[in-house]
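Here is how the chains run, residue by residue.
Number of protein chains: 2
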Amino acid sequence: MSVKRPTIRDIALRAGVSKGAVSLALNGRPGVSETTRSRILAVAEELAWRPNSAARALSAARADSVGLVLARPARTLGVESFFFQLISGLQAELSTRSVALMLQVVEDQDAEIEVYRRWCSEQRVGGVFLVDLRVDDRRVALVEELGLPAVVIGGPGHHGGLASVWADDAKAMVSIIEHLGSLGHRRIARVAGLPGLLHTERRTTAFHEAASAWGITAAECVATDYTDEQGASATRELLSGPTPPTAIVYDNDVMAVAGAGVAAELGVAVPGGVSLVAWDDSPLCRLIHPPLTALARDTFAFGGRAATALLTVLDGGAPVDVEDQVPVLVPRGSTGPPR
Amino acid sequence: MSVKRPTIRDIALRAGVSKGAVSLALNGRPGVSETTRSRILAVAEELAWRPNSAARALSAARADSVGLVLARPARTLGVESFFFQLISGLQAELSTRSVALMLQVVEDQDAEIEVYRRWCSEQRVGGVFLVDLRVDDRRVALVEELGLPAVVIGGPGHHGGLASVWADDAKAMVSIIEHLGSLGHRRIARVAGLPGLLHTERRTTAFHEAASAWGITAAECVATDYTDEQGASATRELLSGPTPPTAIVYDNDVMAVAGAGVAAELGVAVPGGVSLVAWDDSPLCRLIHPPLTALARDTFAFGGRAATALLTVLDGGAPVDVEDQVPVLVPRGSTGPPR
DNA sequence: AGCTGCAGCTATACCGGTTTAGCTACGGTC
DNA sequence: GACCGTAGCTAAACCGGTATAGCTGCAGCT
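Note that the protein sequences, when read in sequence, are chains A and B.
Residue numbering for the first sequence follows our numbering, beginning at 10 and increasing consecutively.
Residue numbering for the second sequence follows our numbering, beginning at 10 and increasing consecutively.
Every clue listed holds true.
Heads up, the list lumps identical chains together, so a pair's fine if it works in one copy or across two of them.
Straight-line distance between alpha carbons at most 25 Å, and here's what the computed SDA-like set of lysine to any residue pairs gives: (1) K28 / S68; (2) K13 / L67; (3) K13 / E55; (4) K13 / G169; (5) K28 / P60; (6) K28 / A69; (7) K13 / P328; (8) K13 / V322; (9) K13 / E154; (10) K13 / D73; (11) K13 / A150.
In case anyone wonders, no lab produced these hints; they're calculated from the structure.
Keep in mind it's a predicted model, so treat the numbers as computed, not measured.
Could you build the full structure based on these sequences and the hints that come with them?
Structure below.
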């Protein structure tokens, strides 16, 4: 049935040397002469030898895989392009080093923490990526306690001694408010994501600061869970109030599109009656009418940087703190001067 | 730094038995008395022991991971909710058995094949899922040659000796045509997905058969690459023709939404001027105005079934051939009688 | 009593790598 | 010629499990 794979023993026999010599030769380490090394490499090539990852992981006591746990209900995940882009980016970088990515989708943070414990004790992964960091996140302390190398994705500054890769959300928020402010908007609302998430809180702070810098006093935030339902109901509430905002900023593309649907339903023109801005660009934003002004970032590249950061830590390097490019605002048809 | 994990040796010492006895006890195999077994289990519990997956994989010569390779450009992936739903579903089932999922995103089929070769020779995965099967797909022969257990996702009937999990696309297509036909449509076009993909071809055949059963002669198919751009341009072409169709069926949600945008742009009313149907439902379809009539399937559950099928094969069971529920059509505002 | 059979356990080999102690042969030095 | 150092290799231990041959003691049978 299954094909018998050659092992270093086979190479050793064929090349007339010992297993140890083969190991040294294949890993490019000193201890064998150049002539022997090339002979061994030739045999390995000939037999199409590949290291058995389990054996290597066992003896070297290090896993050549890294893990990513997403703690969100499966249904809401499928909707956001962010994670898929991120994963693709991680992958692209990891695969250049033959490091595999283990993906796990769980329901909540308790389950996520359990996964880290398991992965760690089973020695299944050599490191992990932490996403969706919360204020006072339990995971940071956990991975440090476990001695599990990790990279925090999306958090600025230091989280314990962990490496982190992040974008300057505050600057990005400023560029949105500037765009809306210079168009003449003075009543701006924000349909925010999950409260408690670090980046939500950061954006909220930046939103209020940037607004007051523009003399915008009516700057309201509504908390949601990122789903289209809550994005829609938040929009409905905002637009049906006594003094509706003239512009709304959404924390993701899905809610922004849902908001656009509600505006159409209520007969509020876009951008005449209300301007809409989406945080995170996607085909979704471009497909609807009018297309949404959106905050675009290169999530694929961002993932690549995160992967590089983790590989650095795994190689024994010091935890780095990488700042990604500031996301840029792409103005489209959904924003204009208020009527 | 890293915490030293207990091994079965530690358990053996502590329980005063041999390593072998511990192994037997922990795996619930005969060979130890019940009293000894419970004593060993108690010690294992106390030490919070977990098997080292590398060691287990090495000695048992089977990997406790399975793999999924997606051979599509990263950019087009993020858009479709299908894969994320599928992955979540696979996960949910796999994790009940502590089987990990390795995910790899590659650019083309050559790269994909290389990944299987590598995974197999490195003994990194015990099995794989094959998606997006093509007519005369090279992967089927490859995994059989490699002796790599696999489940074909989305293909009906037998592919070599591989297990498969699939939905009856033909019946689903019939339900769409019936819906449109009974509304009075007699000129129906279809914006199809990638030609060469098995399910695209199957749907095309079913489309024509169902159409002629309803006496619909004007049943045109346009091939695309699944992207919103091609969905949009196909729609533009169809609607600007001399005798535009009164209904269009799209092979995915993204193209359908793009098509709705084009209709709006051209001033063609939906559903008055043209009815639109999306294959695969998503929040996307519900969010736009009017909401799209869509063919809904429970992709999450579908993934679960695929995982079960692969686990069965890994357990030495015969390759099964599972038919999933027929996707159901959810009528919404985008379909109505032609004007 | 002697034999068989078996439950229950131990000891050990094994999976495929890495790592290390140690051996050998060779060259250089005084 | 004795001594030392080292390049180049081998043998063997080791990682943490699983699989298996074999040992022991007790019960049952004749």
